[in-house]
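Chain residues, written in single-letter form:
Protein chains: 2
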Amino acid sequence: MTKTISVLGPSGTFTEEACIRYAPSANIALCPTITSVGAAVSNSETELGIVPIENSLGGSVPETLDLLIDDPNLFIYDEFVIPISHTLMKKKDTVGTDIEIIFSHPQALAQCKLFLEKHFPTTQQVASLSTAAAVQDMHNSSVASAAIGTHRAAVIHQADIITENIQDNSSNATRFVVLARQDNKITGTDKTSFCVSFNEDTPGALHDVLGEFAKHDINLAKVESRPTKESLGKYIFLIDCEGHRNDKEISAAMNNIREKTSFLRIFGSYPRWDPHKENK
Amino acid sequence: MTKTISVLGPSGTFTEEACIRYAPSANIALCPTITSVGAAVSNSETELGIVPIENSLGGSVPETLDLLIDDPNLFIYDEFVIPISHTLMKKKDTVGTDIEIIFSHPQALAQCKLFLEKHFPTTQQVASLSTAAAVQDMHNSSVASAAIGTHRAAVIHQADIITENIQDNSSNATRFVVLARQDNKITGTDKTSFCVSFNEDTPGALHDVLGEFAKHDINLAKVESRPTKESLGKYIFLIDCEGHRNDKEISAAMNNIREKTSFLRIFGSYPRWDPHKENK
Chain H
-10 MTKTISVLGP SGTFTEEACI RYAPSANIAL CPTITSVGAA VSNSETELGI
40 VPIENSLGGS VPETLDLLID DPNLFIYDEF VIPISHTLMK KKDTVGTDIE
90 IIFSHPQALA QCKLFLEKHF PTTQQVASLS TAAAVQDMHN SSVASAAIGT
140 HRAAVIHQAD IITENIQDNS SNATRFVVLA RQDNKITGTD KTSFCVSFNE
190 DTPGALHDVL GEFAKHDINL AKVESRPTKE SLGKYIFLID CEGHRNDKEI
240 SAAMNNIREK TSFLRIFGSY PRWDPHKENK
Chain S
-10 MTKTISVLGP SGTFTEEACI RYAPSANIAL CPTITSVGAA VSNSETELGI
40 VPIENSLGGS VPETLDLLID DPNLFIYDEF VIPISHTLMK KKDTVGTDIE
90 IIFSHPQALA QCKLFLEKHF PTTQQVASLS TAAAVQDMHN SSVASAAIGT
140 HRAAVIHQAD IITENIQDNS SNATRFVVLA RQDNKITGTD KTSFCVSFNE
190 DTPGALHDVL GEFAKHDINL AKVESRPTKE SLGKYIFLID CEGHRNDKEI
240 SAAMNNIREK TSFLRIFGSY PRWDPHKENK
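Residue numbers (the numbering used here), protein chains in the order written: chain H, -10 to 269; chain S, -10 to 269.
Heads up, some of the hints might be wrong.
Any copy will do: because identical chains look the same in the list, a pair fits if it lies in one copy or spans two.
Unchecked claim - With a Cα cut of at most 20 Å, we get these calculated DMTMM-like pairs of lysine to aspartate or glutamate:
(1) K223 x D157
(2) K211 x D229
(3) K102 x D60
(4) K218 x D157
(5) K249 x D197
(6) K107 x E153
(7) K249 x E238
Calculated directly from the structure, the hints in this document are not laboratory data.
Model the full assembly from the supplied sequences, consistent with the hints where possible.
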């Protein structure tokens, strides 16, 4: 049976492109927001969901982090990284390059900042809700417009491609996580993601938690703080470490951590992305 | 002489409102982006600049963090927090509440999510570059439109206010930093912000750095990671601690940290925001 995967839409987003690379034969259910992708998985409408979690230039995607913090039914089942390539396109019948407006998602505009400053220094930039929506906005615009989006969106919407790969940094890549209602089995090269918070600002509380990993020589891939929704100055820490939560040492570290924190949620253990093995 | 402060524009943004609260008599120079506020200060066009650095719901503002990491001329001179209140407004002559489009900045739309789901479940949401631009977009729209923005923007643009304080969480607040070409003097209740990175992923490297603070009972206000622009998986850690960099213990900790890291930049020491003393 063909699996159905919930994905951030509309058609032509990077997440859709990512899903096609990850699971070429899956059915794709397009959802309007990251939160609704999470809800579809959490409510068992689909088995899996794919959302972006981090971009090498733009940083973390707050909506995805909050989804994991807030929904106890959601786990990370897998992760993968795809390079992001931005395509500048214009409406099929636009003559010349006298573009008045360039539409894109604010993160995409930011990722092409130097290119735009050099080639379109005075052109108005207009924010769209996604790169796919930008291509739509370009089509609906009454003035000579361009959009920055995926190559796929240019093809879907039969737009004229002006330039490909206009991103400022060639190492622009996005990490996606595959959400499910359970995490993954031990493979030997795993990663575990979790979050912790503390009752009050005790000096050294975070240091104590990280110490549990240093003690066992467990590599931390990432530490990040998110403000709690209660107040500025109170944080939840999101931590990625190497290894599986059922590995003896990680399991011991987690038990010790549980006693040092007021809140601990393990988002799951899953195979660590290996850039040399693109198709898992 | 009246000071001029560079501020994220256009007129009617929260940053403008914040600047008026922080320095009621200052001249305001409106800049189009956060990066251009930083450049105005760095190039000595203005002495001070004000940019948002963190929101209690939306998290950090990546553009501000990158500005501090990248520009060695910029320092944090001060900080302050203001509560964010969102106002829903419509064009003066729009009849009834049959709104087809609601414009706002994506972060503002996210902060009013529950309100919008309850009162405007099927209304199209369109992203604008700022809440002030949203009010402009509402005015230029050819269909019955509304916008979410500041109370001040509603007044400036003579819009009809539908509802005030529509944000989902009453503790919604934004922290702003005042940028200058030097940091601030010791006041006794200070905060120091800095960033570090490491040559390679050595287990315990971050733990070691945090240990310098735990050793001296220095409270850490915040730890956050930002991906470096080189690749996913390599991070710069941004840390806030209590105290001034010229305090004996912090100065000693910084000297020890310098030896443990491949990159250390101190963004500055400045008076810690005191919510009980609104006008410093």
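Of the numbered hints stated earlier in the document, which are not met by this structure? none
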